[in-house]
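Peer 1: Chains A and B are the protein sequences, given in the same order.
Mapping to my numbering: the first sequence position 71 is 71, numbers consecutive.
Mapping to my numbering: the second sequence position 167 is 328, numbers consecutive.
Everything labelled a hint here was simulated from the structure, so no lab data went into it.
From the three backbone atoms N, C-alpha and C, an ideal C-beta is built for every residue, glycine too.
Treat the hints with care, since some could be wrong.
Part of the chain B face toward chain A, derived, beta carbon under 7 Å [stated by the list, open to error]:
| id | residue |
| --- | --- |
| 1 | S207 |
| 2 | S240 |
| 3 | D243 |
| 4 | A253 |
| 5 | V283 |
| 6 | F290 |
| 7 | F291 |
| 8 | A306 |
| 9 | T307 |
| 10 | S315 |
| 11 | Y327 |
| 12 | D330 |
In silico contact screen, one side only, chain A against chain B (beta carbon under 8 Å); selected entries [as the list claims (entries may be wrong)]:
| id | residue |
| --- | --- |
| 13 | G81 |
| 14 | V82 |
| 15 | P116 |
| 16 | E119 |
| 17 | G120 |
| 18 | S122 |
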Amino acid sequence: MRLHPALIALAATLVLPRAALANDSDLQVLAPYVRLAPPGTANTAAFMIVSNTGRSDRKLLKADSPVARRVELHSHVNDQGVMRMRQVTEIVIKAGGQSELKPGGYHVMLLDLRQPLKEGESVPLTLSFDDGFSKQIDAPVRRPQTVMATDPAAQHGSMPH
Amino acid sequence: MKAHWLLTTAVAALSALLVFLVACWQPVPPPAATTAAHSMPSPATSPPGGDFSLQGPQGTVALADFRGKVVLIYFGYTSCPDVCPTSLALLAQALSGLDAAEREQVQGIFVSLDPDRDSPAVLAQYAPFFHPAIVGLRGTPTQIATLAGQYGVSYRKQQANAEGQYTVDHSSETYLVNRHGKLSTRLPHASPASEILAAIRQQLAPRDSR
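Chain B with its partners taken away, still in its complex shape (with noise of 0.2 Å):
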């Protein structure tokens, strides 16, 4: 008798567990409950960019180093296998497109969001890689932490593996800053090379500048 009590009990719990796991076992966490990263701005709110300057290939490169022209800006890492290349690609195919005398009023920065591994020699080499008018930048982590703040940008390294390897999950928008220094546009991830070219030529054409 209670061997039968004990066994519809087991059947009953086994019952219960299996519809919970159909209807609330999720192979993979929801975005959300990975999103919980350390005091990051909502990507959504309004950024106010502005000045900074960091460790370039041969000494400090500020942002006001290059005033009256304008400045695109990405950041993301050196052994970032996918997004930024995409990225980078697509901001040098938009250089590409500038004629002469428009690239010379136009400047790319590439921020490292990971100076552990990214030397100034790695980004001497990475940024110009995709376009020699695309300069690759390093600068403290508490540097980067309080740029990355300043422009809405939202990074996170990612658990290490065995081999001690690891990725860097960041947002991929690239901001685009007037001739005065003033963020103006924020181009999302995956923007074609003809809408960013078209953002530059807008902030090229002498309207109030000059």
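So that you can see chain A by itself, here it is in the shape it has in the complex (with noise of 0.2 Å):
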């Protein structure tokens, strides 16, 4: 297997010239989080907001993580009150704009865990755009809210009695 020194100009030029465009800085990745897994199960899912200052529009592609044997971006479908759960191929980024993985939409799924994670573990993740530009992160693992976040005072006025 040989590949033509032109060849490889080629590449180079189709490659660099977007590589260069979109920039590191264009891309932030905010609140990232790791849900801690319930006991005795081996899948979860990390959110977090990705936003994009640049000018074009971002795709990520793929994450990867050294915790889980299998790193997917998924999605849910709502249809007709059934979750279909799907692997997405990009989770796009608009100029200027967010993308928000979160609870019961894009997520970045963890399967088939090595080790249980801990809650205040921190879990590194690669996060892979379609320019070739990958962004290293670490997700603390948090526990699910299952306390009420409103003000109890709010909370209490807004019941019927």
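From these two lone chains plus the hints, build me the complex, please.
Peer 2: Put into structure tokens, the structure is as follows:
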């Protein structure tokens, strides 16, 4: 298998300008976290907000993590009340916009965890984007929120009696 | 001459194919095609609900055991990476919003739609992780199919991957059963905790009971 130098040069010209255009600092990952998996279970998900301050749309194509045997990008389709979870090939982050990966929506699925995660532990994630750019982040493991978030006083006030 | 005719035909055929692909090809089959699952009652019809008894962490648990209490039932599976934890966390939030006296009159039930993988031991750890007032129950595949029909739950095991792992598509409503054991409210997927709490309190209100 030999590659003609001209072919390599062509490939380089195709890849380099795009990589140069899409700047590292254009993409920001905010508030990432991994939901603590219930005991005895080996699947969970990571959530975050990805914002794009650049002038072109970006696509998240892949996520990787050493903590799980399989990492996939997923979404849910609510089909007449039936939640159908499906792998997606990309999550678009619009130019000047942001995409939220949140419970019940887009998420990074961590399947078949190599070992149980602990609350507070930091999970390394590598996010790969369409222009070949990849970003490393650390997402803390958080227990799902099981206590009412709202102000108790306001909550009580809104309750019909 | 013949070659020319062949070329023209080929071009026409390819053009037609291209037009067809642009117009009709969908990389993902439309949901309608994949929904044609085995005898599932449509979630839109009104299910009767009703009694059942299943395997709990310490022996049989029956819905009738909780007469006099308001019961919330959620159907899911413990390998569920997102939908079930999200729903159970919301249910747990609602339960945590009750005061101690109210909480004594409320019971949560998590019914596994994946009896092959969810053992009573797994369920015994799983359900209380969200809230101690939620008990995890398991039944035989036949019992679960019957119960799902009773409550209007749709579920379908998806194809396993190379490692034998699979997910289960399922409806994600929370069923509220009143003090008399009757299915009274179906809370849609992702109902906010405040709405679940309000629905529980509505049933707790001493109107017709006592």
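Peer 1: Now tell me, hint by hint, if it's right for this structure.
Peer 2: For each hint, the structure was consulted:
1. S207: 13 Å, violated
2. S240: 5 Å, holds
3. D243: 5 Å, holds
4. A253: At about 4 Å, which falls below the 7 Å cut-off, the nearest Cβ of chain A leaves the hint on A253 of chain B intact, so it holds.
5. V283: At 5 Å from the nearest chain A Cβ, V283 of chain B passes the 7 Å test, so the hint holds.
6. F290: 4 Å, holds
7. F291: Holds - the Cβ of F291 of chain B comes within 7 Å of chain A, reaching about 6 Å at its closest.
8. A306: This interface hint is violated because 16 Å lies over the 7 Å limit.
9. T307: 19 Å, violated
10. S315: 5 Å, holds
11. Y327: 11 Å, violated
12. D330: 5 Å, holds
13. G81: 4 Å, holds
14. V82: Interface hint status for V82 of chain A: holds (5 Å vs cutoff 8 Å).
15. P116: Interface hint status for P116 of chain A: violated (11 Å vs cutoff 8 Å).
16. E119: Interface hint status for E119 of chain A: violated (11 Å vs cutoff 8 Å).
17. G120: With a minimum Cβ separation of about 16 Å from chain B (threshold 8 Å), the hint on G120 of chain A is violated.
18. S122: Violated - the Cβ of S122 of chain A stays beyond 8 Å from chain B, reaching only about 20 Å at its closest.
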